[in-house]
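All chains should be modelled from the sequences, with the hints used to inform the complete structure.
Protein chains in written order, with my numbering: chain A, 5 to 469; chain B, 51 to 99.
There is no bait here: all hints are sound.
Computed list of lysine to any residue pairs in SDA-like fashion (alpha-carbon distance at most 25 Å, straight line):
no.: 1; chain 1: A; residue 1: K152; chain 2: A; residue 2: H203
no.: 2; chain 1: A; residue 1: K210; chain 2: B; residue 2: F54
no.: 3; chain 1: A; residue 1: K31; chain 2: A; residue 2: N16
no.: 4; chain 1: A; residue 1: K140; chain 2: A; residue 2: I202
no.: 5; chain 1: A; residue 1: K130; chain 2: B; residue 2: E62
no.: 6; chain 1: B; residue 1: K60; chain 2: A; residue 2: A179
no.: 7; chain 1: A; residue 1: K152; chain 2: B; residue 2: E56
Residues from chain A that keep clear of chain B, each with C-beta distances beyond 10 Å, as calculated:
no.: 8; residue: E46
no.: 9; residue: Q101
no.: 10; residue: D107
no.: 11; residue: S247
no.: 12; residue: R274
no.: 13; residue: D279
So the derived list for chain A, only partly shown, Cβ under 10 Å to chain B, looks like this:
no.: 14; residue: Y69
no.: 15; residue: L100
no.: 16; residue: T128
no.: 17; residue: Y201
Since the hints were made in silico from the structure, they are not lab data. Keep in mind that this is a model prediction, so the values were computed, not measured. We put the beta carbon where it would ideally sit given N, CA and C, even for glycine.
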Amino acid sequence: MQCFMCGTEVGNDKVCYNCGADILLYKQIIYTSYVFYNQGLEKAKVHDLSGAIESLKNSLQYYKYNTNARNLLGLCYYHTGEVVRALNEWVLSKNLQEENNPDADRYLAEIESDPGLLTKTNSTIKKYNQAIEYCKAGSRDLATLQLKKVISQNPNLVKAHQLLALLYIQDGKYADARKVLVAANKIDNNNTTTIKYIHEVKARLKEQNTGKRKKKNDVISFADGNETIIMSENSFRSMLDNSRASFLNILLGLVVGLLICFFLIVPTVRDNITDENTKTVLALNEELKEAKSSNKALEDDKASMQSELDAYDNKQDVATSYDNLLAASNYYNEGDTASAAEYIQLVTRDVLGSEGKKFYDNLYTLIAPSIVESYYTDGNKFYLDENYDSAITNFQKVVDIDETYNKGAAMFLLGDCYRLTGDTENALKYFEKVVEQFPNNQWGKQAANYIAADDTSLEASEVGE
Amino acid sequence: MIDFEEELKKYEPAIEVEQAEEDIRARDLTDLTDLLYNMTSQQQSGNTK
Chain A
5 MQCFMCGTEV GNDKVCYNCG ADILLYKQII YTSYVFYNQG LEKAKVHDLS
55 GAIESLKNSL QYYKYNTNAR NLLGLCYYHT GEVVRALNEW VLSKNLQEEN
105 NPDADRYLAE IESDPGLLTK TNSTIKKYNQ AIEYCKAGSR DLATLQLKKV
155 ISQNPNLVKA HQLLALLYIQ DGKYADARKV LVAANKIDNN NTTTIKYIHE
205 VKARLKEQNT GKRKKKNDVI SFADGNETII MSENSFRSML DNSRASFLNI
255 LLGLVVGLLI CFFLIVPTVR DNITDENTKT VLALNEELKE AKSSNKALED
305 DKASMQSELD AYDNKQDVAT SYDNLLAASN YYNEGDTASA AEYIQLVTRD
355 VLGSEGKKFY DNLYTLIAPS IVESYYTDGN KFYLDENYDS AITNFQKVVD
405 IDETYNKGAA MFLLGDCYRL TGDTENALKY FEKVVEQFPN NQWGKQAANY
455 IAADDTSLEA SEVGE
Chain B
51 MIDFEEELKK YEPAIEVEQA EEDIRARDLT DLTDLLYNMT SQQQSGNTK
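Printed below as a string of structure tokens:
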């Protein structure tokens, strides 16, 4: 550290060995300045801006080169709406410490970057000063209007809030005064003037609420938007009574409306709903009837189409039957009885004409033995393979054509197939026919044995061909 | 009880932008270190005599 008098390096000495200056006292002054700065900083942090301003001013009275204190003082002024004062502090700060003063640089740069700010601020300040003049001249109404404008332009100007509150207090508008003071308190929450006015307003309001009974013609004022309405207490009471009567009328109207709704509208709506339901049911019934008739028509169409299809099939069958009949005739003439038998069985006799039927019957008589033999051979083959169902089909065709074929063997084997498939009734029926027609041959005797013993448990192999 | 007139006296016109420079020039920037400097100077000059 250097001596503040001669600039000699003094270190931690209390007195300068060169000039004898009191270094300790100098240090104490600087130290005190920083103590005040710290106080100001703490107060500023909790929005006690007026307290902070006082501490920072003290700090600078001790040591004007405390740049942090000066910059913070400017910031506090700025926040309470005193822009010009803030600007002055930052300009001074910059002059006293030109180098290494980034905060002042930044604040000044911000103000310079907004050229309209100073114009607007100046206009606000002029209005505020004019309001003070109006107050001193006794024109409180004009002053009030002017201050309202000032606050709308610069809402942080605490002084304007305080002066407006003072005017309201003077005019007996304590509620308005309280509103303005609360806003001021939000900006600077420990301002002595604001607190003093708040106490005053509270005391006056308390007097109004709990004090002596007001006279009957006391004046009542209340805010309606931006307007303040003033009326006598009697008028106010009568307005309240009217409001009560209006409210009762509205309530009564609502009740009547609800009753009308329940007794007139609801039943009508219900009837309408019932009618709608009935109509829906009837419509559905109609639709069902239509669907049924449509279904019947479709079925008729289907039947007629089926009959047309059958007729068409018959037509087809006629041609095919004649072809097959011709083929059978040709094969028979060529001596191929097996092929002839095969083709004649594909002919549908009923579709043939009378001549065709005659031709068919003649040819069939000629081919029939071959057909029977073919069925009988196939039947035997299925019988031996124990495929009794297929065997029954073949033996049945043989028996239908010629019951006596092979001296009753076909009929016996048909009965035996029924026996082996458990159809005793049919088995007995054919055994009895065999016994009746061929009582003396082997088939007749065997059938008689079965009938007599009612022995249906014999194996087919035991019977033989 | 607030005396309106007395309170009103406390409200002074705010500094306008045009007056800022004048205000800075008029500012007394003397601090305690300046006083100490002056006192020490006077003391030293007295001792010299």
